[in-house]
Amino acid sequence: MNLGPHADFIVASFAVTVFVVAVLVAWVTLDYSGLRRILGDLEERGVTRRSRRAGKDER
Amino acid sequence: MAIIDLANPTRFLGFVRRVLPFMAALTIVLFAFGLYRTMGSPDDYQQGATVKIMYIHVPTAWLSMMCWGVMSVAALGTLVWRHPLADVAGKAATPIGAAFTFICLVTGSLWGRPTWGTYWVWDARLTSMLVLFLLYLGVLALYWTAEDPGRGSRAAAILTLVGAINIPIIKFSVEYWNTLHQPASLFRKGGSAIDPSILWPLLIMAGAFTLLFFTLHLAAMRNEILRRRVRTMRLMQAQEQRA
Numbered sequence: 001m002n003l004g005p006h007a008d009f010i011v012a013s014f015a016v017t018v019f020v021v022a023v024l025v026a027w028v029t030l031d032y033s034g035l036r037r038i039l040g041d042l043e044e045r046g047v048t049r050r051s052r053r054a055g056k057d058e059r
Numbered sequence: 001m002a003i004i005d006l007a008n009p010t011r012f013l014g015f016v017r018r019v020l021p022f023m024a025a026l027t028i029v030l031f032a033f034g035l036y037r038t039m040g041s042p043d044d045y046q047q048g049a050t051v052k053i054m055y056i057h058v059p060t061a062w063l064s065m066m067c068w069g070v071m072s073v074a075a076l077g078t079l080v081w082r083h084p085l086a087d088v089a090g091k092a093a094t095p096i097g098a099a100f101t102f103i104c105l106v107t108g109s110l111w112g113r114p115t116w117g118t119y120w121v122w123d124a125r126l127t128s129m130l131v132l133f134l135l136y137l138g139v140l141a142l143y144w145t146a147e148d149p150g151r152g153s154r155a156a157a158i159l160t161l162v163g164a165i166n167i168p169i170i171k172f173s174v175e176y177w178n179t180l181h182q183p184a185s186l187f188r189k190g191g192s193a194i195d196p197s198i199l200w201p202l203l204i205m206a207g208a209f210t211l212l213f214f215t216l217h218l219a220a221m222r223n224e225i226l227r228r229r230v231r232t233m234r235l236m237q238a239q240e241q242r243a
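As you go down the protein sequences, you meet chains A and B in turn.
Sequential numbering of the first sequence, starting at 1, is according to our numbering.
Sequential numbering of the second sequence, starting at 1, is according to our numbering.
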């Protein structure tokens, strides 16, 4: 595929897009794993949400 | 499950857990097909191969405006119905919309240099798009810097609704003002002016970017719900320690 005399502009456009999308994907993925870890730690220490506690009481 | 059931955050998390892997897989497949069609599409008779920038510039421009539309509906949900999931949706969409607007501005600039001979002009379309990007940053700042999350959310919702005025300005800027930017060539009276050999790859890439947006948005909403749970649990832990 020949991108012609302006290949740099085309490649730069796609590179910027790939970089920004990769940052977005990394952000949601790392944020999720971090939050799961914190929630797990809190639950291990016995901290539970009120709604979950109410559910346990009903049982 | 009825759609109204998804208004419950726990049910919403279950729904996200089920659909997210399929949406992510479909996004990858659609991008692979779209890029394949993009590489095989012909050069423009005037712009040459630089027309390939259009396959990312145009979808991200559409999405930057669509995302503001999603945020505006969410802002109404926050201010009128005070539904927490509406606030979650608005907050989760903001960084994604800002990223798409950034891509649109950068690729537009890189496309402008070989086509117009300049990276930037202060014309109506480019300036209104830059204003949209600054509005995204403003909403982000309100969400991220407010000490009280509730007040920050309401302020962000108000700014979102005020900023919605900019969307029709962007859309019609190429018709009402004299600009370097070309007028609409797809959604216009008389139908599309684009040849099918270029139009189809563009539509496939637009579909892929749209699916990417919704996949990221759902994932970011899930994260925001979990973040609020962490905040609630930490507050409860602090209260219990004080008691």
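Hints should not be assumed to be uniformly reliable.
Derived DEER-like restraints, expressed as beta-carbon distance ranges [to be verified]:
# : chain 1 : residue 1 : chain 2 : residue 2 : range
1 : B       : 192       : A       : 40        : 48 to 58 Å
2 : B       : 182       : A       : 2         : 42 to 52 Å
3 : B       : 20        : A       : 5         : 24 to 34 Å
4 : B       : 120       : A       : 2         : 26 to 36 Å
Quick caveat, the hints were computed from the structure, so don't treat them as lab data.
Bear in mind that the values here come from a model prediction, so they are computed numbers and not experimental data.
A virtual CB, placed ideally from N, CA and C, is assigned to each residue, including glycine.
Is the hinted range of 48 to 58 Å satisfied by the C-beta distance from residue 192 of chain B to residue 40 of chain A?
holds (52 Å)
Holds or violated: 42 to 52 Å for the Cβ distance of residue 182 of chain B and residue 2 of chain A?
violated (25 Å)
Per the hint of 26 to 36 Å, is the separation of the Cβ atoms of residue 120 of chain B and residue 2 of chain A within bounds?
holds (28 Å)
Within 24 to 34 Å or not, the Cβ separation of residue 20 of chain B and residue 5 of chain A?
Violated - the Cβ-Cβ distance for residue 20 of chain B and residue 5 of chain A, about 43 Å, lies outside 24 to 34 Å.
Going through the hint list in order, the structure does not satisfy hints 2, 3.
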